[in-house]
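There are 2 protein chains.
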Amino acid sequence: MRDIRIHEVGLRDGLQMESEPVPTVTKEQWAAMLIDSGLDILQLGSFVNPAKVPQMADTDELFDYFKSNKKDRKTLLSCLVLNEKGLERAIKSDADMICMGVSASETHSKKNTGMSTEEALKRIIKMAIEVPNLGKPVQVSVQSAFGCGFEGEIPEEKVINIVSRYSDAGILNISLADTAGHAHPEQVKRLFSSILEINDKIKLACHFHNTYGLGITNVYTAIEYGATFIETAFGGLGGCPFTKLSAGNVCTEDFVHSLQRNNNRKDINLEKIIAVSKYASGFFVKELPGLVYKTGGLKY
Amino acid sequence: MRDIRIHEVGLRDGLQMESEPVPTVTKEQWAAMLIDSGLDILQLGSFVNPAKVPQMADTDELFDYFKSNKKDRKTLLSCLVLNEKGLERAIKSDADMICMGVSASETHSKKNTGMSTEEALKRIIKMAIEVPNLGKPVQVSVQSAFGCGFEGEIPEEKVINIVSRYSDAGILNISLADTAGHAHPEQVKRLFSSILEINDKIKLACHFHNTYGLGITNVYTAIEYGATFIETAFGGLGGCPFTKLSAGNVCTEDFVHSLQRNNNRKDINLEKIIAVSKYASGFFVKELPGLVYKTGGLKY
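Line order of the protein sequences matches chains A and B. Quick note on numbering: our numbering labels position 60 of the first sequence as 1286, and the sequence is numbered without any gaps. Quick note on numbering: our numbering labels position 23 of the second sequence as 1249, and the sequence is numbered without any gaps.
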């Protein structure tokens, strides 16, 4: 099995879906525990309009909090930005990695950013090509790459075209996001294979939601077809506030547990991720979609 | 993708785990709806000691109820038996297909049947080879084939050895059951590949539980590595009362929905399965593990 890198997005994709705002100090605790677990990349939050997504209003503050131990930290701290203003804040916050993207669904793109896919793509590419000059990795994504709650089918050529444009611009860290959770394994095989045909130097990431029960199945298929960076959320939290019907992300500890069953990524401390999900379950006073934080991991 | 046949086991593996007994008339309704949906095989129940598993006490009655429309029915009605007495009842009930098995875990075998694996295997083979003489298909299984809640790891050679014994006896419908839900994809690949090396005429079935979140992922892997008959339960109900910690089966409607997303098994009426899960969720007054009965299926 190829080397798998885990990009924990629960503090962003997870918390933006919860109506109960999480105090900054609690986010700091959760982030510290996740960093401590040895996950590869941790998305601390997004730099977006606090009026639209109040749950993300303290992202600058969070980056500031983790500035002091930057040198000793193995985990990269990433963020999501939507526009130039967000990028400016991300740079000011000295985020280790900056993520941005466009939606392959026109409706989702309009609702999320007020722009068409083409408008957003031009803008994002312009922003993305600047980031490596600052010595930081950038990751670009195609949201709603496997279907859209509003539009239904998204033509695969449209996704491929966006990826080609990224690749032509020299941006090779590319994530396909199944924002609404419509993906199925055959579709994952087709899209990921096509992308590596465009440019086999592309470093593929994937981001699946479990709306219809295929989250982790699609992750395994994506790995088989070239994905290295897997975006997951502790407890299986998550969803997208700007699409129609989306369940949680693939659950980090469930996925890590499955890798460890096959002697992969034993360097990650599963118990520390489980502790965060238990904490979050208590905080939100509800059961989260993840399973392993409830069952405990298998010990053999 | 190979031809996939679905063996619905919710009325047996699902209901045996519920403390609330389901009245026979309700089971008849659920079974009729499941037959109507066009599923390939429906397990009506097991012929076991009603004192030990009271939820299955009416299995004879259920077979009797569905006797009248046997000729027009496309769906095969199967049952599970544990011993000679059960087999006798199954034959008397004129079940279309008879399932039986042994556990690869000594502890699970003892708890489930009071016999060691070897004792149970001899007995089951002796029983199974008689069934085709009655003009009925028989399916044999290896339970706890991927790990055991009591024993932990189950040596793969032990599973392979049981399968070889079945194969040597000419019994070729063989199901590997992940009773505790410990399986992971790499293990599924190894075991299924090894089995087809023993005898490529074996018709492989699989039965996965979702205890740690890998149920449907293991099904897709099993299909890729030769499985044709997939055992699932409506609503994702299920578990094994005689093992330690087992969550529900792979959910029938979630799995059928995933196949239909890829234009497979469009002949199955998804809505009719969803209706049973909604009914069962109402009956048990709880949310079931399945997702699609809550979200509805994608329509495009």
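These aren't lab readings, by the way, just hints derived from the structure by calculation. Any given hint could be a false lead.
Repeated chains share a single entry, so a pair holds when one copy, or any two copies, can fit it.
Said to hold, decoys possible - Straight-line C-alpha distance at most 30 Å; calculated DSSO-like pairs for lysine-lysine: (1) K1362 - K1297; (2) K1415 - K1427; (3) K1498 - K1337; (4) K1296 - K1520.
Model, not experiment: these values are computed from the prediction.
Unmet hints by their number, sorted upward, for this structure: 3, 4
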